[in-house]
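Take a look at the letters that make up each chain.
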Amino acid sequence: MSELGKRARRLLLVSWCSFLTAAVATMLVFAFVDPAMMTIQGAESLSRRSVYALGFLFFWGTGAGAALLALWMAGAEHERGAGP
Amino acid sequence: MNGPASAPATANYVAEDKIYPREVSGHFARLRSLAVWVLLGLFYVMPWTHLHGRHAVLFDLPARKFFVFGLVMWPQDFIYLTGLLVIAALSLFLFTALGGRLWCGYACPQTVWTEAFLWMERFTEGSRSEQIKLDRAPWSARKLLRKGAKQLLWIGFSLWTGVTFVGYFAPIESLLHGAASASLGPWETFWVLFYGGATYGNAGFLREQVCKYMCPYARFQSAMFDRDTMIVTYDAERGEPRGARRRGADARAAGLGACVDCTLCVQVCPTGIDIRKGLQYECIACAACIDVCDSVMDRMAYPRGLIRYTTQHALDHATTRVLRPRIFIYGALLLLLVGGFTLGLVRRVPLGLDVLRDRNALYRVLDDGRVENVYDLKLMNKTERTLRLVVTVSGAGQLATDPSPAVFTVAGGEVYSVPLRVRRPAYDPVGAEDIRLTIHAEGDERLQASSQARFIAPLQ
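Residue numbers (our numbering), protein chains in the order written: chain H, 17 to 100; chain X, 77 to 536.
Since the hints were derived computationally from the structure, they do not count as laboratory data.
Hints are supplied without guarantee of correctness; some may be wrong.
What the hints assert, rightly or not - Quick list of in silico lysine-lysine cross-link-like pairs, DSBU-like style, CA-CA up to 35 Å: (1) H/22 to X/223; (2) H/22 to X/94; (3) X/94 to X/226; (4) H/22 to X/353; (5) H/22 to X/209; (6) X/454 to H/22; (7) X/141 to H/22; (8) H/22 to X/226.
What the hints assert, rightly or not - Each pair of labels, with its calculated beta carbon distance range: (9) X/164 to H/74: 20 to 28 Å; (10) X/295 to H/23: 44 to 52 Å; (11) X/480 to H/48: 32 to 40 Å; (12) H/23 to X/296: 21 to 29 Å; (13) H/66 to X/407: 27 to 35 Å.
We treat Cβ as the ideally placed atom computed from N, Cα and C, and that holds for glycine.
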């Protein structure tokens, strides 16, 4: 890992934290929502397995987006000397 | 404790040299080996274990059913999973307050898999010094062979881990069959590679960096610590001033403490810290430094325990109290939750009933002067056998079902949807009322579930 720099570590942090929240969100949402009962844009051909996986990837993506944005903005603040 | 909060934010991102933890033997290393064998053994064996003719543990996501040691959990039983997670978290708090980072040192998957990967690394590349030499050496046939063998072992083990992980969600026999005949579904392939890749990356390369930079528990565990918590610590009072000496030399005459400054405690540390600098948040309490220091103390004929498990209070020559308010609070909460969880599980009824009012009409008045409401029932048979379920209705008015009696046969593990008509004399003074629909298994009144619904009648 010695060759990984600051950017790689930030990416790790972002992907890992969003992974954790995505796992929890997937569990919670699909405990109450049965993919077999829902239609997505009129398409009903997606299997439960696909919806679970796509749902997880979706939560992971949105979580990573939020974390990345927050980190970037906190970093910009830090460079101006205003933030933590 | 030196938490990250007190360090500048950029300190989280210092580039580091690769850490080569030195192999260590001793009491705590044996304990960890035992933990690795037991925990990894359980993980790899469980998907193959059968109970009553089906997998002992199978989280069948496509069917939305979890099979756990003969119990069949449905999405409606989500509360049990939540309870289990809360119990796990509280146990972690209790054990941390008592014994420090026991979880990190012996039970965390990161520790356990890293240990297994280290074994493979030592098997192919040799001891710590041989590994350092090999890394510095130019590429040769021997280096290629050793590095190649390590990668082969690592990748094979990771893939097997990925297959095993997916084996918790799909029968592992059919998974292997699919993999052998190259007919594995796209999602199975994806998850096998995903989990295998994560194992390879975390245990092969990231290792202690996961604990230092990625683990949330490492950041907040110090909140559970107090001066009576067991920590791995160096006895500076006894050890300082440190210094090299000949064996058998009189340390006191030379003005030296017990530490011979051999730096073995630093070499064995998987996170690369020097325990002699005091308690640090990087320390995962693996106790490798205790084992190695004890072996040095034995060789020097000094008493063991220069580095040892102890408490801050004991180091300060104060009394250590095991029973303290936080232990009682964590303990009481845990007892309460475990009690509630067990009671809930014992009293869990493997039947379910959902009632939805028919949306087309509020009510219908029949020729015989009675009023009729229609409900859509979902009868859930969570047992493994076919049941005949009897639906009864109760309320303030003279209610009757149609058909009467309403008996439906529902196969084991099935959800049966059926419309049910409930009738009552129309001009009952009760008016609209809340009614209760109850199902019970024919011949077994204890198997019973009920649900409330609204019965609507015309105004007087």
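The hints, checked one at a time:
no.: 1; hint: H/22 to X/223; verdict: holds, 27 Å
no.: 2; hint: H/22 to X/94; verdict: holds, 16 Å
no.: 3; hint: X/94 to X/226; verdict: holds, 17 Å
no.: 4; hint: H/22 to X/353; verdict: holds, 26 Å
no.: 5; hint: H/22 to X/209; verdict: holds, 28 Å
no.: 6; hint: X/454 to H/22; verdict: violated, 55 Å
no.: 7; hint: X/141 to H/22; verdict: violated, 43 Å
no.: 8; hint: H/22 to X/226; verdict: holds, 28 Å
no.: 9; hint: X/164 to H/74: 20 to 28 Å; verdict: holds, 27 Å
no.: 10; hint: X/295 to H/23: 44 to 52 Å; verdict: violated, 21 Å
no.: 11; hint: X/480 to H/48: 32 to 40 Å; verdict: holds, 34 Å
no.: 12; hint: H/23 to X/296: 21 to 29 Å; verdict: holds, 26 Å
no.: 13; hint: H/66 to X/407: 27 to 35 Å; verdict: violated, 45 Å
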